[in-house]
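Undergrad: Chain by chain, the residues:
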Amino acid sequence: MSEWPAQPKVLGTRVPRVDGPAKVTGQARYSSDIQAPGLLIGMILRSPWPAARIQRINLEKARQMPGIKAAVAVQEGPRIVRYYGEELAAVAGVSRQACEDALRAIEVEAEPLPFVVREEDARKPDAPRVWEQAPNMPPPRVREEGNVDEALKECAAVIEGFYTTSVQLHHPMETHGGTVRWDDEGVTAWISTQGIFSVRDGLAGALRLDQSKVRVVTEYMGGGFGSKFGPGVEGVLAARLAREAGAPVRLMLSRFEEALAVGNRPSSFQRIRLGAKADGTLHVFDYENYGTAGVGAGQATEGGGGGADLPMPYIYRVPNRRIKQTTVAVNAGSSRAFRAPGHPVASFGMESAMDDLAVKLGMDPLELRIKNDPSEIRQREYRIGAERFGWKEKYRKPGSSPGPIKVGVGVASATWGGGGSSRTQGEIQINPDGTVEVRLGVQDIGTGTRTVAAVTAAEVLGLAPDQVTVKIGDTRYPPGPGSGGSVTAASVAPTVYDVCTRALEELQKQTGLPDVRGENWRAACKKLGVTPLVVQGRWREGLSSSGVGGVQFAEVAVDTETGLVTVRKIVVVQDCGLIVDPLTAESQVNGGVIMGIGLALYEERVMDWQSGVVLNPNFETYKLPGIADVPEIDIVLINMPERGVIGLGEPVHIPTAAAIANAVANALGVRVNSLPITPRKVLAALGKVPTAKA
Amino acid sequence: MKPFEFVTALSTESARELLGPKGQYLAGGNDLLGRLKDDITEANRLVNIKALPGLDRIEPGADHWRIGALVTIAQIEDHPEIRKVFPGLHQAAAEVGSQQIRNVATLGGNLAQHSRCWYYRHRDIQCLKKRGRICYAIEGDNRYHALFTGNVCISPVVSNLAIALTALDATAIVLRDGQERRMSMAELYELAWDNPTAHHSLRPGDLILRVEIPTQRRRSAYLQISEKHAFDWALVSCAAAANLENGRLRNVRVALGCISPVPHQVAAANQFLEGKAPDDDVLDHAADLLLAGAEPQTHNAYKIPMARALIRRTLRQLQA
Amino acid sequence: MKGSETPSTGRLSRRDFFKGLGTTALAAAASQAESVAQELQKINAEKVLGPGPVPVTLKVNGKTHKLELEPRVTLLDALRNHLGLTGPKEGCDRASCGACTVWLDGVTIYACQKLAIDAQGHEITTVEGLTPDGRLTPVQRAFVERDALQCGYCTPGFVMSVSALLRKNPRPTVEDVRHACAGNLCRCGTHPRILEAALVAAGLPPVSTTRTEVINHV
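Order-wise, the sequence lines are chains R, A and D.
In terms of my numbering, the first sequence is residues 1 to 694.
In terms of my numbering, the second sequence is residues 1 to 320.
In terms of my numbering, the third sequence is residues 1 to 218.
In isolation and in its complexed conformation, chain R is listed as follows:
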């Protein structure tokens, strides 16, 4: 049975990222940094109509523009576009300027169609249909357990709340796209992606090529958060342009385009009735939710689920429950998986209801959770966190903080999987000079994959992490999973363990030395003569598992005169099995929390109902947390070596917004039930906003 060492030398120590120097010097090559002889720039023409019948796209004038080497339409023949920003055509030219001018020369004949962009409008029976064959909002799917109507009568307290969240955009700092080159061997695509093999598969299919003729290379990428798994329309367009032009094409989306067409987190409109017995035991949960996944939602696309469904009643078990969920289609870009899909929004709804119920019961909200949370690990985390945070000292009845700056506290929890993929493979090359190269067909989306591999290899081989070169991000390397679901570390570490253990056995066998690790390493390798040793391996059982909890506490200060919310402190208690590198693990926690602050306080995609456009397709009015918005983040990581490696990138993002929303409600004595919690909403909740004109 495989096991991590009981007294690891490298595992669990704070190891700086092995690719740190490349990144801080600007030497790291991202998809938009790839140079190639004859490189052209690609750009996309997008629909200015939120809905239209496209009759004809005339590329002739564009093709004749100076410096233009290729022009393609996304699709030949008439078609319907269903959102502002949907792709129509693309050009490739010698410069950005040439492309900009060429896009202006493309002629599109279109008949605008009726459209609808707000959920509340799209639900109405007479709303314009996003998909002509079906209504925008299918009848809800219902799951029932127990007897909700009877159980409601048995409760000592029941609350009813309506909790809503807005569409959130991924907005990785590096936009979508990449550089594509054709040569005699096929296609090489440097795509900014979380999944080199899913991109390879997507490109091969779209271009009708054998998969063996498509190579995807992503050494560095600037974030994805779930939106970068396939090649995207832009990746396929880049390849088509490169083929037509006979030259490599770099096509990267602009920030504007990122707000339109490459995914989002669906909104939610959650009506919750939650009831408990007098002692706080949850007894009934009556739930209705709809949200929009853009054109990816609605009855016509039922099969895909739209991604707007939420796992309710989240972490709690309630014997009597009725859960009705549906999605509503609007003329806007389709949703895509976004860091713990469904969970942050589910946590927000459920945990808000829990706090409202605690208030009605006159109970400490933390006590209500301890009473009802079936998870042993989270019970532990509540206690550790409460002590660390000072919950008992800080918790006061809602609204009792003396004003005008009111302080409040809140708590919320998470559950996640994060196990590894058994289909991960890897290889190691040991050179006679003692240098080592580990090769894995996985990605580093910012989580520190190379470092996880280097640390694991160093541990097994008895070396230092900087003696191990890790190569990732090439479909020529042994395959691994896409980086989603927080699976990468739990896939990589056991695989590298296997590869290195096998390599040790091979090296020992070939050199006749009983122990080649550590100090014996160089001498042993020298015995290889001129031929390096390459050993392959695969993911090994027993070194990772799945299933984590996670609890977060938030302290906020709300200026009740201006409505501004300031997060003062977040305490995170997170388990993730065996911690490979606490330094990079902490960074994941910071990242998840800060993204949660964005969801709680700043982020929403705004649509204009009159024109159907995205009103805030930029960083000026789609607001990401900046350095001045970041609070003190206090982290307790629970190391559980016996569980093996488990991922933590997503669980740490799940409960932050919920905890902050609860803290604001606790501070004010009244709840802002809609994310993001902006000053405008706080002042309205406090009754300070005069009624607007009719």
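Treat the hints with care, since some could be wrong.
[Claimed, not checked] Facing chain D, a subset of chain R residues (Cβ under 8 Å, in silico):
1) P16
2) G20
3) G223
4) L583
5) S587
6) M595
7) V636
[As the list claims (entries may be wrong)] Simulated restraints on C-beta separations:
8) A/S14 to D/V207: 48 to 56 Å
9) R/D184 to D/K47: 47 to 55 Å
10) A/R57 to D/H65: 30 to 38 Å
11) R/I370 to D/R135: 29 to 37 Å
12) D/R135 to A/P3: 53 to 61 Å
13) A/R131 to R/D126: 50 to 58 Å
14) D/R135 to R/G77: 52 to 60 Å
15) A/D39 to R/Q610: 15 to 23 Å
16) D/V207 to A/P80: 22 to 30 Å
17) R/R243 to D/V207: 52 to 60 Å
18) A/P80 to D/A45: 28 to 36 Å
19) A/G132 to D/A45: 34 to 42 Å
20) A/R181 to R/W131: 53 to 61 Å
By construction, these hints were calculated from the structure, which means they are not laboratory data.
Idealized CB from N, CA, C, for every residue including glycine.
With chain R's structure known, arrange chains A and D on it following the hints.
TA: Then chains A and D, alone, in the frame of chain R:
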């Protein structure tokens, strides 16, 4: 951006001449280049005015200071004497954009910047301000828009410095057709009150040369509230300037930003505050006077309590 | 105000910039740069250039480059697509994210919102110019040691902002660091560590807004 010519002017006369009918002056370029990139503004030629002599000086004086239009916001922020003599101006400068923006943005450009209304700034919306048919904000999402307007467009002035300089009773010196014209801050923006297509009173070819700030008011303050804690446009801003004699306000001026196409000032409020100690009742009543007649839209009524809080805090800060 | 005396306009002149770096080779380059700028001024003054490509001379990381560019080409476009630099990145092209942060005469600007033709006669420094000999600067070392990076896309921009701050203000407070870095966005959430790295690089105690404890389960 569409193609344009580029020329560096060495005198104000040639700058005016080189501009032609479809040229634009280029100073820091933060606002202009953004507008060119989104086709909000057309220009076939950019006239670089950064080499014009004598416009980049900060000149202290006993009665008033002169700050050239090409002085950068960073220079204003970093100037140790400005911080002492015009603290409100320093505070306003410190809140402009980010360090990278302040390092190139100029005083003149900040005053002359165009509306930030998201309908105006959208490449695919032809709103009233762009000579389209309607103001989309009125029936649309107007959370960032004005509480007062003299015309149909409800886009507010957002220049931090304009508000601080209004409270300080500053004068802009504008070169128009070869003549220097003195404009109060009110005059610099008054055209935008009546005319939906105007952002201020400047005509094509006008060039702000400098701003003169009287030292009369020894105390000044500027505060704003944004949704983020930094690098964010103000939802509402407030500036105040006055002297304090025995705890009472003298020569007091209060101005509000982001709630009107022009820096919002009310003579009755200034008169009311004259000679009074800024206690709670006084500040409340001043806020009543300043916000009298406000007409909130569907989504921006929150600006009223927010403005009241800012008025109180800004005036109190004068006592600090 | 903090720091040394401010020159009359408060603007850092090319001479001051080079004086701060303090090497004779660079001082020689500085006077060359000045006369280059004056020459450019004389040649180009009041001559209408474009709209087609025109000669544009850029001084980047100490080297002079002669390019042919349309006036509408931004400095970022010139650096990345004409000079092949990879440090400054495109994140928004609208002066709102800081991924393109470079120095113009030693102070930070957004390269995306500066025309290349308008950057002539100035000293442009990208992250590549901080380490001509390949060795990490104290700021870069601190970023690596403190893990002030994740995906790394925003990192060169932050390095330029923090490095510029420390040149101007060698002993910054936490507020000074926040103020200097407010114009740099990060989606991965490296901010607490950037704060630490900036203070560590300045030789100050790393006031951390992140505190971690690893506890073993059993």
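Undergrad: Check each numbered hint from earlier against the structure, then list the numbers of those it violates in ascending order.
TA: Hint check: 11, 12, 13 fail, others pass.
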